[in-house]
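Asks: Residues per chain, in single letters:
2 protein chains.
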Amino acid sequence: MSAPTGSLAAAVAGDPADPELVRRARAWLSRTFEPGDGEVVRWVERSGPVAAVRALVAGTAPAGVRRRAGRRSGTDQSLADLAVAARAGARLVVPEDAEWPRAALHCLTVAQHRHGSTDRTTALVPPLALWVRGGPRLDELVDRSVAVVGSRASTQYGDHVAGDLSAGLATRGWTTVSGAATGIDAAAHRGALAAGAPTVAVLACGVDRAYPQGNARLIARILEDGLVVSESPPGCAPLGHRFLVRNRLIAALAQGTVVVEAAARSGSLATAKRALDLGRPVMAVPGPVTAATSVGVHQLLRSERDVQVVTSAAEVLEAVGRFGVDLAGPPPRPADVRDDLSDVARRVLDACPVRTGVPPERLAAVAGCAELDALRVLPVLELHGLVERTPTGWRVARPQPQPHGA
Amino acid sequence: MSAPTGSLAAAVAGDPADPELVRRARAWLSRTFEPGDGEVVRWVERSGPVAAVRALVAGTAPAGVRRRAGRRSGTDQSLADLAVAARAGARLVVPEDAEWPRAALHCLTVAQHRHGSTDRTTALVPPLALWVRGGPRLDELVDRSVAVVGSRASTQYGDHVAGDLSAGLATRGWTTVSGAATGIDAAAHRGALAAGAPTVAVLACGVDRAYPQGNARLIARILEDGLVVSESPPGCAPLGHRFLVRNRLIAALAQGTVVVEAAARSGSLATAKRALDLGRPVMAVPGPVTAATSVGVHQLLRSERDVQVVTSAAEVLEAVGRFGVDLAGPPPRPADVRDDLSDVARRVLDACPVRTGVPPERLAAVAGCAELDALRVLPVLELHGLVERTPTGWRVARPQPQPHGA
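Sequence order for the protein chains is A and B.
Straight run, no breaks: the first sequence in UniProt numbering ends on number 406.
Straight run, no breaks: the second sequence in UniProt numbering ends on number 406.
Be aware that a few hints might be false.
[To be verified] Chain A residues, not near chain B, derived (Cβ > 12 Å throughout):
id : residue
1  : 46
2  : 105
3  : 106
4  : 155
5  : 194
6  : 286
7  : 302
8  : 319
9  : 356
10 : 370
11 : 371
[Claimed, not checked] From chain A, some residues computed to sit far from chain B (all C-beta separations above 10 Å):
id : residue
12 : 23
13 : 72
14 : 287
15 : 288
16 : 342
17 : 376
[What the hints assert, rightly or not] Rough simulated footprint, nothing fancy, chain A against chain B, three-plus residues with beta-carbon under 8 Å:
id : region
18 : 51-58
19 : 280-289
Simulated from the structure, these hints should not be mistaken for laboratory data.
Just so we're clear, the structure is a prediction, and the values are computed from it rather than from any experiment.
The beta-carbon is built from N, C-alpha and C at its ideal position, and this holds for glycine as well.
Model the full structure from these sequences, guided by the hints.
Replies: The following block contains the structure:
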């Protein structure tokens, strides 16, 4: 391992579009802030990661952001974190990378603007960066994926059904995402592995740690073909708050969420609620009404009209299949997509520069609209392939090469 | 037992409002026609029961009705049937009786007009009469009742849950209605009996028979405090078609229907579908997805958005309680109910005579509307307590005595 080199203050004075500087800046932000903080995420989105770090080091960042950083903003572990990660076979995937699961996480960007920033506990904001350990590309693995979650205190029935579901999803080419916890999570990962498919574990601690310790061998097995993902940098402990924000990440990465067994106040119900907040299909596997391990599942089915009963992998794919196809590749770009844009969206699109990306507040000033409006329409424009995000901000998307004969 | 006396032809020449003649006429109709036949029921409603029998004996009834009666219209077993019933402790309850479960069966009158007469299999028509065996008043027992139905091939789990539900309903003052079949039906009746409450068994055969034979003791036990009900006259065998029309009667009599266990094509699913057709709350008790006995329940929950998961008697009453209160007594009659009537309803009401009831076609002629429109609004007027049905047809309802101080 090479020792950390280069002072952060000197580094962030460099080109804000330099990919390695962007990665280092996001590594630093990931260590400095707890994940799932809306104010921080929005501010980094607006400034760009390099400028954000520059402002924090210089003490010119907004007061709320500086307060959250606290004394951490005086230290720099970014190169060390990246080195520790690399030694563990992990990398930092950032929004500026091709590997970023853009389509999946788009729902968090939408939710962030819809739900506002008041309720911190819901944490419906995109991650600043993702620590990813394992071989496959993250975006490709979650593109057709389903979250299978449930009780830690599962029964043989629940373990059996979770394993069966994941194996069934695997044989149909779908990835199982879960939290590597004891019980249903572990059974779900094992079902996918037994079917010879990669699976994705999203942890509430650093990707170099195995939590719970009892699943260390399972996590090692997951890493052979699949991925372990976390928002927290290497070495981080699985603190309570991180489970809540981890749950929203599971709900966002997967195209749909299935709850297998859940007692009355199970954490997996929180994951299901997050998935509903994100507009994802949520499904529940019923069980005997006499079993405490199914009480939460039945409550969920009773209280949320949008939660669907499922009993097999085929039924799960009936619910998510359509979404999977729709989001599988870049969405088709009809000839007249510009005609369908709102007035604000058209003005923001016209304000986008062709070469160097600019932050949303500049776009809003040029387009003559509120910054919030610009933030609201940019993801839509991006989804239509009309604009793209660069480290310095938004610009018009480069035209995609058309297939021959198109 | 007194021998049958008096020729039918001579009897039906008498006063069509004579209650005993009405009862005999309906006993004869009940023996002559299979239950659940829309054309027959509508014709009897229009003619009145005594005039209907008169027309059939004289050969002047509509061709379709005569064809259905076949050679049966040449024989008369009415007094014998009434005598056999009386000997078994049973009676014939007719729509002209105070005991007729008018509020509960109103949904069939509504469904009959909504769904039309083309699909005979759904049989969504009111009964011509009900053979009732046992002590309590039928209308009072079903006023706050829930149907608990399910597989004949039930498991211990299903039996336990059905019994528990019915006992829980009983302790809250609600009656369980079911079909006295092996499996879930029997467990439901037993649960109510164990809680010391009367229960109602609706049979597809005559009330003097015990079907299935294996439940003879259970049926005898039901008769000690509760009721056994059938549309078919004494001695009738439980033919296949009668189960279908029996199921719609269970769905109509109860304020809501709960399916406990049901295999893929269980008859209890038909009862649930009938209850949905009738606008009744339908509930399902989930079970292990690995059990064949719950496959039909889960299919029902997946295919019908209006079917609610329930796990306890309290949850059942959450769904039906409101309806139970609303339909418990005669609905309140607001001072301005006439102001809310449609134009047609007001004209039909104005056309109703004060003394001797007249058939709907006469009302339609006076009101200047189609007969179908008159048939559509008459149940509404009846529900509001504005009109009432007599053996000869409809007339303005006698004002109810007002409670003191009202």
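Asks: Each hint needs a verdict: does it hold in this structure or not?
Replies: The hints, checked one at a time:
| no. | hint | in the structure |
| --- | --- | --- |
| 1 | 46 | holds, 42 Å |
| 2 | 105 | holds, 30 Å |
| 3 | 106 | holds, 28 Å |
| 4 | 155 | violated, 10 Å |
| 5 | 194 | holds, 18 Å |
| 6 | 286 | violated, 3 Å |
| 7 | 302 | violated, 5 Å |
| 8 | 319 | violated, 10 Å |
| 9 | 356 | holds, 51 Å |
| 10 | 370 | holds, 39 Å |
| 11 | 371 | holds, 41 Å |
| 12 | 23 | holds, 45 Å |
| 13 | 72 | holds, 47 Å |
| 14 | 287 | violated, 6 Å |
| 15 | 288 | violated, 6 Å |
| 16 | 342 | holds, 32 Å |
| 17 | 376 | holds, 32 Å |
| 18 | 51-58 | violated (count 0) |
| 19 | 280-289 | holds (count 5) |
When the structure is compared with the earlier hints, violations turn up for hints 4, 6, 7, 8, 14, 15 and 18 and for no others.
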